[in-house]
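Dock chain A against chain P, hints included.
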Amino acid sequence: MTEMKQSITYARTYRYLAQSKWRVFLTILVAALPLSVFTFFCYPQITAAITEVTKYILQGYYASGELLANHSNLIDMIGDITYLSVPGRYPTVLFNWFNLLFTLIALVVLTAFVKVRPWSIFATVMLFVHLFSSLFFVFVPWLFPYTASEYSGLYLKQQMLMLFFTPFILGTSIAILPCNIFLVLGAVVGCYLYFLVFSVLRYVIFVYVLSKISILYMASLFFTFGPFIDFLYIVAIYSLVVNKVSKGIKRIEAVWKW
Amino acid sequence: MVGIIWILKLYFIFTVVVMVIYGIRHYIFTYNRLYYPQRKYCQDILDTDVFSVSVVIPMHNEEAVAEGVLQALLRSDYPKDKLEIIPINDFSEDKTQEILDKYAQTDKRVHPLHRFEGDRGKPAALNEAMKLAKGEIIIVFDADYIPARDLVRKLSIGFLDPQVGAVMGRVVPVNTSKNILTRLLDLERSGGYQVDQQARYNMDLLPQYGGTVGGFRKALLMDTGSFNIRVLAEDTELTYRLFCRGWKVSYANSAECYEEAPESWEVRARQIQRWSRGHNQCMWRYFVPVLKSTYLNFWEKLDGMLLLCIYMMPVILLLGLIDSLLLFFMDEMHIIAGWLFLIFLGAYNTFGNFAPFFEIGTACFLDGARQRVFLLPYIAFNFYFYMWFITKGFFQSILDLITHRKATWQKTARFRQEKGGTV
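Same order as they appear, the protein sequences are chains P and A. Under numbering that gives the first Met the number 0, residues 0 to 257 are what the first sequence spells out, in order. Under numbering that gives the first Met the number 0, residues 0 to 422 are what the second sequence spells out, in order.
Just so you know, these hints were derived from the structure itself, not from any lab. Backbone N, C-alpha and C fix where the C-beta goes; we use that ideal spot for every residue, glycine too. Careful: at least some of the hints might be erroneous.
Pairs of lysine to aspartate or glutamate residues, derived as DMTMM-like cross-links and limited to a Cα-Cα distance of at most 20 Å, are as follows [stated by the list, open to error]:
| # | chain 1 | residue 1 | chain 2 | residue 2 |
| --- | --- | --- | --- | --- |
| 1 | P | Lys256 | A | Asp330 |
| 2 | P | Lys156 | A | Glu265 |
| 3 | P | Lys114 | A | Glu265 |
Pulled from the structure, derived: some chain P residues nowhere near chain A, Cβ distances all over 12 Å [said to hold, decoys possible]:
| # | residue |
| --- | --- |
| 4 | Leu25 |
| 5 | Val29 |
| 6 | Phe37 |
| 7 | Leu57 |
| 8 | Val92 |
| 9 | Leu100 |
| 10 | Ser119 |
Isolated chain P, as found in the complex (with noise of 0.2 Å):
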């Protein structure tokens, strides 16, 4: 049994922190809730900035007055969110058809010749996704209820909620463990920042996708590239710290109690 794990000793088992609940919270005070705060009051702020810059990347591709900024309402007594207004492209009859084929042949690729992986159910149920997408613009296109500019002012609301949240609760997951101030501090801001780039990227796509090529993928959009993505690298940072953290306290027998 060359595979044979050393056992977990018996001081593992039990052992638990032995911080000081205060220090988790004045570090949650300092380092997680401060982005939260801003991100609250200066959304109308951010939402601008991101449609100036997505609007600036874009610009070379649109003709003059088509990318335009426009208003949403979201919480009366702080202000409106920005979003870029664009022309969505409507599929042809063509491309319905093209994509739905497309779909069935790769969801029939997929359930009988691909064996069952987590990837591969993760791409069945996005696959279905479009199927319902497409056959919705196959058959009932005029019902289709959205525009481009409304899922452009849709999609930053959402990804202001994230933004709203996303520094409290990795703030507050990380103030748990028994780590320096600045490294929450770090790990917060860094995710921040993060977020606001992906965030501006994954705009331009989206507008770039919707207006260019087609509003049929918007369902597509909605349901995979979703908060699922953004949740991801909220994980993955999570888990980076977590590994520093136990790498920093191994010898350290004072941040635990039995």
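For chain A alone, kept in the frame of chain P given last:
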């Protein structure tokens, strides 16, 4: 049409509320495990007047692993005159019978039971073994487990508490480094035992007897009826049977035992589907009895209900996904007007989804495991895999309920190459 939209919206709200409740449950367990003094199991009690123990090992075509578990048990430090080992050869077609007979000839503690007629499967095999077993305490191991020398003593000592009807130890995968699947299963086991089970034990809720690396009082099982051969999750069934009759289940976090985790996704799919089917069979059976039980307090009932419904969650979420898709195309995504609901939805998206990862990350931290925690994001994709197969198991359990058909037991395939077992 308006009625349908309202039903879809209500279902969406129901999904969010249920997920928030489960998210809160994860956070409470994790904070409890990380920050509060732990309730210790009684593994340090030294007693010379020990219980007589029958170790039962159901086996069906287990030639690859049979010797490993028998060798490990024969090295046990438990008094020889108080220990009997009953490996059950359940319709094996390989060399399991020969292996068991060989060990029976060399050690008088080994009393193999060969079954070639009657009902097949673990519950039926256990029932037959109960007729042979002489021990006051029955301890069950699956054939792929490798118990340490002191494990039988650790598990049986828990029965000194007269309120305890069953004891459960901690399962640790032995083949973690084999591939990505075994590494992910190691993460899941870590979260499930180091945090979930221990927190439940700390808080005097309902730790679960898991059917292996655990034991129960024989008299108690015989008094309350044998294992139901129609139920695939005999362990969950016994857990709820005990709690509904006022008994306790003790969790021994220090009583660790190594298991062979499935190494292929196909095997894991069948395993999780069987667990889902069996667990949901228990859910239909014990939903009302748990609510009505006079032995359980409010928190125990709440925990019991949440645990009973745990294999229904992926089904609720899959239907929630379909529900969202319909609402999306009906232009009804604004479920309730107002930013308060949006904030609630945002909280669910972040806190609700993050909660299980937080639990597993904490378990890795407590175990001192550093590298494996990097795999946490991959578990998100695993969720879809589980959603699919757990849903299949759920619908099978509904068919079982309607048709009263007999479920066929499907053994988990083994992967071990060598036959010995050491700890």
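For each hint, the structure was consulted:
In summary, the hint linking Lys256 of chain P to Asp330 of chain A is not supported, as the alpha carbons are separated by about 54 Å, beyond the 20 Å threshold. Restraint check for Lys156 of chain P and Glu265 of chain A: not satisfied, since their Cα atoms lie roughly 41 Å apart, outside the 20 Å limit. Of the pairs offered as hints, the one joining Lys114 of chain P and Glu265 of chain A holds, with about 8 Å between alpha carbons and a cut-off of 20 Å not exceeded. Leu25 of chain P, annotated as away from the interface, keeps every beta carbon of chain A farther than 12 Å; the closest lies near 16 Å.
A cut-off of 12 Å between C-beta atoms confirms that Val29 of chain P is not in contact with chain A; the least separation is 20 Å. Every CB of chain A lies more than 12 Å from the CB of Phe37 of chain P, the least distance being 16 Å, so the non-interface label holds. With a minimum CB-CB distance of about 25 Å to chain A, Leu57 of chain P clears the 12 Å threshold, and the non-interface call stands. Residue-level check passed: Val92 of chain P sits 19 Å from the nearest beta carbon of chain A, beyond 12 Å.
In this structure Leu100 of chain P is separated from chain A by more than 12 Å, as the shortest Cβ-Cβ distance comes to about 20 Å. With a closest Cβ-Cβ approach of about 9 Å to chain A, Ser119 of chain P is found to fall inside the 12 Å limit, against its non-interface label.
Checked against the numbered hints listed earlier, the structure breaks hints 1, 2, 10; every other hint is satisfied.
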